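*Asks:* Listed here are the chains, written in short residue letters.
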Amino acid sequence: MGNDMEISDKLMGIDTAVKRFIKDGSQIALGGFTVVRNPMAVAYEIIRQRIKDLHVVCHSHGQALDVLIGAGCVKRLEIAYGGNGRYAPTCIRFKKAIQQGDIEFEDYSNYQMSLRFLAGALNIPFIPTKSGLGSDLLTHEGFSEDIRKQKKVARKKLSVMQNPFSEEEDNVVLLPALNPDIALIHVQYVGEDGTVRIKGLTFADIEQAKSADVVIVTCEEIVPRSFIRMDPDQNSLPPFFVDAIVKIPYGAHPTGCYGFYDYDPKHLNYYKNIAGDDGRFKEYLNEWVYGVRTHEEYLNKIGADMLMKIKANPVLGYAVGLDRK
Amino acid sequence: MATEYSDNEMMAISAGRFIKNGDIVFAGTGVSMLAATAAKRIYAPKAVIFFETGGIDPSLDEIPMAVSDLRVMSGTCLNSGLIEAFSIVGHRKLHTIAFLGAAQIDKYGNLNTTSIGYYHRPKTRFSGSGGACDVASFASGVITFMQHEKRRFVEKLDYLTSVGWYKGGDSRRRLGLVRGGALAVVTNLGVMRFDDITKEMYLDEYYPGVSIEKIIENTGFEIDVSRARQALPPTEDELMILRNEVDPQRLICKA
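Those sequence lines, one after another, are chains A and B. In case it helps, our numbering puts the first sequence at residues 89 to 413. In case it helps, our numbering puts the second sequence at residues 699 to 953.
Source of the hints: derived by calculation from the structure; they are not laboratory data. Please read these numbers as outputs of a predicted model, since none were measured by experiment. The reader is advised that the hints may include incorrect statements.
To be verified - List of simulated lysine-lysine pairs, DSSO-like, C-alpha gap at most 27 Å:
no.	chain 1	residue 1	chain 2	residue 2
1	A	Lys-397	B	Lys-952
2	B	Lys-848	A	Lys-184
3	B	Lys-952	A	Lys-360
4	B	Lys-848	B	Lys-821
5	B	Lys-854	A	Lys-218
6	A	Lys-298	A	Lys-98
7	B	Lys-848	A	Lys-163
8	A	Lys-397	A	Lys-184
9	A	Lys-140	A	Lys-218
10	B	Lys-865	A	Lys-370
11	A	Lys-163	A	Lys-240
12	B	Lys-952	A	Lys-245
13	A	Lys-298	A	Lys-244
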């Protein structure tokens with residue numbers, strides 16, 4: 089351990105990673121899924137650096153998306169689902185922003201968004217599916233013609249065509265590929281060689297990372313090269329896809345991280361109660377994002393008591409018996 | 699004296715009764731999670747529960763609160779991702795039953811989980827499709843959980859997120875969807891099914907203590923009740939398993 093030489097050019101602090109790669113107007117893909125492995129530390133730093141006009145692309149997203157929208161960082165959104173499980177069946181600031189007409193949005197499904205990332209990763213312009221035939225996902229276009237002319241926006245939401253390999257009537261839906269500027273993923277392990285290992289479910293993180301121009305990985309631990317190469321079947325991404333590596337334990341809090349910590353029910357419930365009110369949401373940002381200078385300070389605020397409560401059983405992957413009400 | 703039980707418990711038991719050994723069950727959140735787990739513990743031990751996030755056959759010693767919950771990754775046969783999960787939902791060799799929920803449903807079992815009002819500036823915005831549109835497109839059958847209210851059982855959806863029987867008859871097949879469709883709707887008042895030919899919703903079972911009139915009153919379209927019969931209440935055994943094994947923390951049972 090201690091030999092970080094192979095990745096020394098990629099290892100950096102959260103502030104540097106955000107400053108270097110994320111700009112006003114960037115298109116960012118958010119990794120994780122609803123209440124798990126959200127890139128929270130990066131999201132908070134984006135808010136602190138007051139980056140604006142982001143174009144977010146994701147499948148089912150929760151807390152990171154919601155705070156980014158609430159803080160006014162998001163202009164445009166392509167999404168399948170905005171929810172925090174039981175803690176907010178519909179993400180609160182997301183709901184409010186759409187109802188008030190504050191953001192430009194386009195609806196897809198989870199599978200459709202995952203396929204769009206896959207197409208981007210494969211460097212093909214579009215990908216077919218049967219999903220969505222007959223639904224309003226096909227008939228309702230969220231983006232205006234003006235938006236459709238802009239950089240990194242597909243010229244059409246999707247297109248339905250006859251299967252060219254069949255003589256019978258057989259429709260398929262063609263989905264445009266996504267190649268976001270930056271993918272943000274939070275993982276358990278990065279090796280000293282830069283290899284990425286996601287434990288538990290990968291969601292569409294791997295496709296998202298491969299589809300993006302730049303990948304920022306935040307991780308719980310940097311582990312020895314010998315460890316990560318002992319069982320390569322477990323690994324998720326080779327080193328050369330990764331541009332920035334930030335070691336930031338509890339970097340997904342208040343969402344969970346399999347094998348390390350559960351979601352934080354107290355924090356998510358607190359958020360649920362205040363997020364709908366503009367004033368209280370502003371106070372929340374002041375207290376939990378603008379007001380904390382370092383991640384350590386953030387963890388101190390959560391407190392050792394809660395960090396112990398949500399600590400996962402390393403064998404089962406979650407915090408057994410955690411009060412989740 | 700009859701045992702007391704909650705709406706969620708009755709709904710979970712009613713839906714669970716549809717599941718057979720060998721079925722691959724796609725579970726969502728809330729009652730649907732309760733139903734999937736109950737089905738496996740009570741009726742169909744050889745059914746497999748899996749999640750759109752990629753968790754296949756977790757041990758479910760604690761009830762997950764989201765489909766990405768760490769508990770859907772624990773004790774699984776395989777942890778994968780979304781693309782793998784959807785290759786299971788629509789797999790030609792598998793009989794997959796999906797549990798969904800919705801804000802609105804029409805008489806053909808089409809679902810809205812997107813918004814109420816004008817799409818671009820809705821009165822109420824919901825979470826969106828998530829995987830619902832996908833499983834409605836691909837699964838062998840969909841069972842939907844609903845609160846039985848007139849504003850939710852509507853003549854016309856504000857937004858059609860997930861296709862059931864589309865416009866009835868064989869219209870779903872003609873869209874290009876090769877299998878599947880709405881199997882049943884399980885509400886806090888009873889269980890609805892769909893006519894084999896017209897694909898219109900009809901009342902199949904009403905719960906003990908619920909009148910047929912109450913169901914008609916709370917349905918926003920005309921519903922055939924000529925085939926209705928009273929549902930069997932949950933047995934002591936079913937409730938015991940549900941409360942002690944499926945949801946010991948009473949996170950969902952109680953509501």
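*Asks:* With reference to the structure, classify each hint as holding or not holding.
*Replies:* Going down the list of hints, with the structure as the test:
With a C-alpha separation of about 24 Å, the suggested pairing of A:Lys-397 with B:Lys-952 holds against the 27 Å cut-off. Using a Cα cut-off of 27 Å, the hinted pair B:Lys-848 and A:Lys-184 holds, with the two alpha carbons roughly 25 Å apart. Of the pairs offered as hints, the one joining B:Lys-952 and A:Lys-360 holds, with about 21 Å between alpha carbons and a cut-off of 27 Å not exceeded. Between B:Lys-848 and B:Lys-821, the direct Cα distance comes to roughly 18 Å. Compliance with the 27 Å bound is thereby established for this hinted pair.
Distance hint between B:Lys-854 and A:Lys-218 is fulfilled; the C-alpha atoms sit about 24 Å from each other, no more than 27 Å. Proposed proximity of A:Lys-298 and A:Lys-98 is supported: the alpha carbons are some 17 Å apart, at most 27 Å. Restraint check for B:Lys-848 and A:Lys-163: the C-alpha separation of about 36 Å exceeds 27 Å, so the hint is violated. Annotation: proposed proximity of A:Lys-397 to A:Lys-184 is violated, straight-line Cα distance about 32 Å (limit 27 Å).
A hinted pair counts as satisfied when its Cα atoms are at most 27 Å apart, and A:Lys-140 with A:Lys-218 does not qualify at roughly 36 Å. Distance restraint check for B:Lys-865 and A:Lys-370: the Cα-Cα separation of roughly 46 Å exceeds the 27 Å cut-off, and the hinted pair is therefore not satisfied. With a C-alpha separation of about 14 Å, the suggested pairing of A:Lys-163 with A:Lys-240 holds against the 27 Å cut-off. Restraint check for B:Lys-952 and A:Lys-245: the C-alpha separation of about 42 Å exceeds 27 Å, so the hint is violated.
Restraint check for A:Lys-298 and A:Lys-244: satisfied, since their Cα atoms lie roughly 23 Å apart, inside the 27 Å limit.
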